Amino acid sequence: MLDHEYTTKDIFRKNFFKDWRKEMTAEEKATITDLKKCNFTEMSEYFKAQSEARKAMSKEEKQKIKEENERLLQKYGYCIMDNHKERIANFRIEPPGLFRGRGDHPKMGMLKRRIRPEDIIINCSKDSKCPEPPPGTKWKEVRHDNKVTWLVSWTENIQGSIKYIMLNPSSRIKGEKDWQKYETARRLKKFSIKFNAFCSSKEEGETADTVGCCSLRVEHINLYPENEGQEYVVEFDFLGKDSIRYYNKVPVEKRVFKNLQLFMENKEPDDDLFDRLNTSILNKHLQELMDGLTAKVFRTYNASITLQQQLKELTTADENIPAKILSYNRANRAVAILCNHQRAPPKTFEKSMQNLQAKIDAKKDQLSDAKRELKSAKADAKVRKDEKTKKAVENKRKAVQRIEEQLMKLEVQATDREENKQIALGTSKLNYLDPRISVAWCKKWGIPVEKIYNKTQREKFAWAIDMADEDYEF
DNA sequence: GTCTGAACTTAGCAATATGTGG
DNA sequence: CCACATATTGCTAAGTTCAGAC
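Per the numbering used here: the first sequence = residues 1 to 474.
Quick list of in silico lysine to aspartate or glutamate cross-link-like pairs, DMTMM-like style, CA-CA up to 20 Å:
id	residue 1	residue 2
1	K163	E141
2	K409	D318
3	K55	E45
4	K375	E405
5	K443	E313
6	K451	E470
7	K85	D145
8	K37	E23
9	K48	E5
10	K258	E226
11	K249	E228
12	K363	E404
13	K107	D19
Read the hints as simulated data drawn from the structure, not as lab findings. Keep in mind that this is a model prediction, so the values were computed, not measured.
Take the sequences, apply the hints, and build the full model.
Shown next, in the form of structure tokens:
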């Protein structure tokens, strides 16, 4: 991790050194007293060399590794549930290492210990052949609980939380749950509520300081009776899940604005904004409004309804397939922005943008050359009037057309990439957008579903690809 | 009511695989 | 066919929800 920014952070270094010293012998402890004086370059070089060696391997060696991975997958990557062979999601146990919390995490750098068979609980049915622990070891427990979906669990040592091995998203059990999620969100359509919130509460000092709706503090909002020509504007600025910043200015109803003013009266910046509300009160209230309604349903609803509406708005009939796909990506992007799904701009972004621009310029030159050739071929044909020159004109015309299409494709690509610089589309696509909306859109416009969903996504959304026709309405 | 823990979903980053143009 | 760019997959942390203890 030597090259990583983590290692420059004080908390990371402090936590690492503290945990490392716990592992030392008395002698080591006496010798190694200052992390600054420790030199890890030799180890770092070793791993770098390993990675280089891996890259430099011959085709045959790479193929061998691939086959070995496939063998492991076949051996450990599947289970039988209700008589069906199902793919397991994370069948490899998490290796030991240094904990990398996100944001300002107080525990970053702590030693994540190796998981041993004695830490492992196996959950399988009574009549099944229970997996054997490695020779000379024992599982912590073997149980037969058919009220839960996990196959294996263990307790990790950083937060003391339980980790699980569960089934792949393509499995029946996950697919049905996913379907159910969207059905609940669809029922929200009947209500004309616009509500964009989520909740959380956490122990201080154990986690990074992030908030959700119920735990927003006074310091996270500013109120503007008037702002940029709009009335009753609330400015949000806080760190949410994964310490991703949420910044937005939202005009609200006067009544909401006045209430927020009241909630902020006589409070310190670090006081709770909603001090009489907690997640259980909120969820109880939501449950009364609609069966199955919880805070996160709004996110699913907002995302899916926005995709549907954006697709309607952005797709035009006479466009070609690449242009339609651009429209799809734009609709997807609108959702990602709504949900605040961000990503760090790729390290190679500027460079790859320049390269693409260079390609576009080259293509433009090529186009004007082709046009010039077409012109002279036409002139030629006018004079000669024979079959051969006529055919030449036709060929040149086709060439121009082809280059124009290529140019357009490149330009579309450039626009798409620029607009996507800091936006992550994957999260919404995978977790919030009812796949039946996308499938219906594909069917309606004759777009192969492979253009929208890759192999993994098609496996996860198999249920939707199967059931949605082109008239599907969310 | 309030707190805690178990179970499950959602999240962004990094490594790896694949595709493409020179 | 190679180098580079892009797409996909893997990884695991960080959320939400709900039930049950107190």
